[in-house]
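Undergrad: Sequence:
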Amino acid sequence: MSESLQASDCEDHWQEKEIILERSNVNDIISLGFTIAGGNDRPIVNNFISIVVSRIIENGLADRDKQLRLYDIILRVNDIDYSNIKHHTAVEILKTSGKKVSLRIRRLTPRFMKIVELEHQSEKLGISIEGGIGSEYFKGKNSEPTRSIVSPRKIIESFDFEDYQRYESHNRLRATGYRTKSTTLPNTRPTADLQIHLAVAQKIGVLQFDQKNLKEIPPEICSLSGLRTLSLNSNKIQLLPNDLRKLVNLKNLFLKYNQIESLPSIIFTHHLSKLEILQLNGNLLCSLPASFSYLTTLKQLNLSKNNFITIPRAILYLTNLQVLDLSANRIQEINDDIEFLEVDELNLNNNQISQISTNISKCKRLKILRLDNNKLKLESIPTSLLKNSTVFQLSVNGNFFEETQFQLVEGYDDYERRYTTNQRKRDATAILLLN
9 MSESLQASDC EDHWQEKEII LERSNVNDII SLGFTIAGGN DRPIVNNFIS
59 IVVSRIIENG LADRDKQLRL YDIILRVNDI DYSNIKHHTA VEILKTSGKK
109 VSLRIRRLTP RFMKIVELEH QSEKLGISIE GGIGSEYFKG KNSEPTRSIV
159 SPRKIIESFD FEDYQRYESH NRLRATGYRT KSTTLPNTRP TADLQIHLAV
209 AQKIGVLQFD QKNLKEIPPE ICSLSGLRTL SLNSNKIQLL PNDLRKLVNL
259 KNLFLKYNQI ESLPSIIFTH HLSKLEILQL NGNLLCSLPA SFSYLTTLKQ
309 LNLSKNNFIT IPRAILYLTN LQVLDLSANR IQEINDDIEF LEVDELNLNN
359 NQISQISTNI SKCKRLKILR LDNNKLKLES IPTSLLKNST VFQLSVNGNF
409 FEETQFQLVE GYDDYERRYT TNQRKRDATA ILLLN
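Okay, so the sequence shown: first residue is 9 according to our numbering, each after it adds one.
Accuracy of the hints is not assured; some may be wrong.
[Stated by the list, open to error] Here are the computed distance ranges between Cβ atoms for each label pair:
{"#": "1", "residue 1": "257", "residue 2": "362", "range": "40 to 50 Å"}
{"#": "2", "residue 1": "233", "residue 2": "97", "range": "28 to 38 Å"}
{"#": "3", "residue 1": "292", "residue 2": "343", "range": "21 to 31 Å"}
{"#": "4", "residue 1": "84", "residue 2": "219", "range": "26 to 36 Å"}
{"#": "5", "residue 1": "66", "residue 2": "274", "range": "22 to 32 Å"}
{"#": "6", "residue 1": "328", "residue 2": "273", "range": "13 to 23 Å"}
{"#": "7", "residue 1": "372", "residue 2": "94", "range": "38 to 48 Å"}
{"#": "8", "residue 1": "416", "residue 2": "25", "range": "26 to 36 Å"}
[Claimed, not checked] Straight-line Cα separation of at most 30 Å, DSSO-like style, residue types lysine-lysine; simulated pairs:
{"#": "9", "residue 1": "282", "residue 2": "94"}
{"#": "10", "residue 1": "383", "residue 2": "395"}
{"#": "11", "residue 1": "433", "residue 2": "372"}
For the record, the hints were derived by calculation from the structure and aren't laboratory data.
Quick caveat, the model's predicted, so the values are computed rather than measured.
We treat Cβ as the ideally placed atom computed from N, Cα and C, and that holds for glycine.
With the hints as constraints, model all of the structure from the sequences given.
TA: What follows is the structure, given as structure tokens:
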């Protein structure tokens, strides 16, 4: 007697949720802290026109709120239907959605693995499958969301619903002629998870694969030449592959909180020439290769919480750098080379700095300097830094002197005038924006 294998349908696993995001004031035009993909004019894949959350920006409004998730499908914004809308229109509505934004979203419940064991007498399994990455089926079609592992006596199908939720379809498996038994287990295999992320990344140029216990960067990632943003935060990566240089269109690279001890020189030599943001904080770095200086488009660099004992020389040649974070390292001295550093904001909080070269006053663009919680004495702070530099915001809390003592140091009045002038400019700019 044959028995039909019951179709696996994830319809019951969808859930809809109302999310409220609130800006600080009614005139606030600040980003909601996430980006979207999709639309009836820019489908992520064939026939899939839903608007999907493609990235949640670190420390943005949505990230702090903790309700919205990656790949949530947006059904409605306030009272506006998002089920069949152009991409640009969807973006503009979000930008002008006011202080209090109501989002109706659709998502799948947490991932699970379904193991289906087929008992049979022949070598043929007697099933047919359709779909897969690159050959997706939608709207009532059958699909194979992940790989199959086949043995002579059993077939295991794993469905990763959390990461497959951007595909608004019914996932069905059909087979006839065999008795079945099934078990639901936690999904611990990352392969299908990565496959789906890669498929979406090919369409939108963004790959976020944080907290996946990766010990190395999968080679498939390095083949995504169109990738603009890559986030592999909070993994266990120790070494970057040389093939990372193939990501020639990369603008944002997030590798914080891994176990990286060194950076291959070949990655940066005339490669990654479009990189603007690089986060390597929370690793084990103590030096940078000389080729790092080729990152001439870099604007933001975070090297905090590493093992640097001095400011790396390669950074001194980054001519477009705006923000450099070297906080929470083991830097003991700011030496004479500092005059070549071109940066607007320098964060050296929580180091062991006891001496500062007078050359720091020669930094042409330095405006904000943070030196909190170091080992500075009053005499360690160069008079020229206060009198002759471009710095208008200097923070020295938590050192070996009181703020009242600092205010009596020669040159403090000059610094205070720069600070006040800058504040007035900022206030005037804010008033113009409000009007």
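Undergrad: Hints first: check each against the structure and report whether it holds.
TA: Now for the hints, and whether the structure bears them out:
1. Checked against the given bound of 40 to 50 Å, the beta carbons of residue 257 and residue 362, roughly 43 Å apart, stay inside it.
2. Roughly 30 Å separates the CB atoms of residue 233 and residue 97, a value that falls within the hinted 28 to 38 Å.
3. A beta carbon spacing of about 23 Å between residue 292 and residue 343 agrees with the range 21 to 31 Å that was offered as a hint.
4. In this structure the supplied range 26 to 36 Å holds for residue 84 paired with residue 219, their Cβ-Cβ distance being about 30 Å.
5. The hint said 22 to 32 Å for the Cβ distance between residue 66 and residue 274, and at roughly 28 Å that hint holds.
6. Evaluation of the 13 to 23 Å hint for residue 328 and residue 273 yields a pass: the beta carbon distance comes to about 21 Å.
7. As the Cβ distance of residue 372 to residue 94 is approximately 45 Å, the hint placing it in 38 to 48 Å holds.
8. Checked against the hint of 26 to 36 Å, the C-beta distance between residue 416 and residue 25 comes to roughly 57 Å, which is inconsistent with it.
9. Using a Cα cut-off of 30 Å, the hinted pair residue 282 and residue 94 holds, with the two alpha carbons roughly 29 Å apart.
10. At roughly 22 Å between alpha-carbon atoms, residue 383 and residue 395 fall within 30 Å of each other, so this suggested pair holds.
11. A threshold of 30 Å between alpha carbons decides the hint, and for residue 433 with residue 372 the separation of about 20 Å falls inside it, so the pair holds.
In this structure, only the earlier hint numbered 8 is contradicted, and the remaining ones agree with it.
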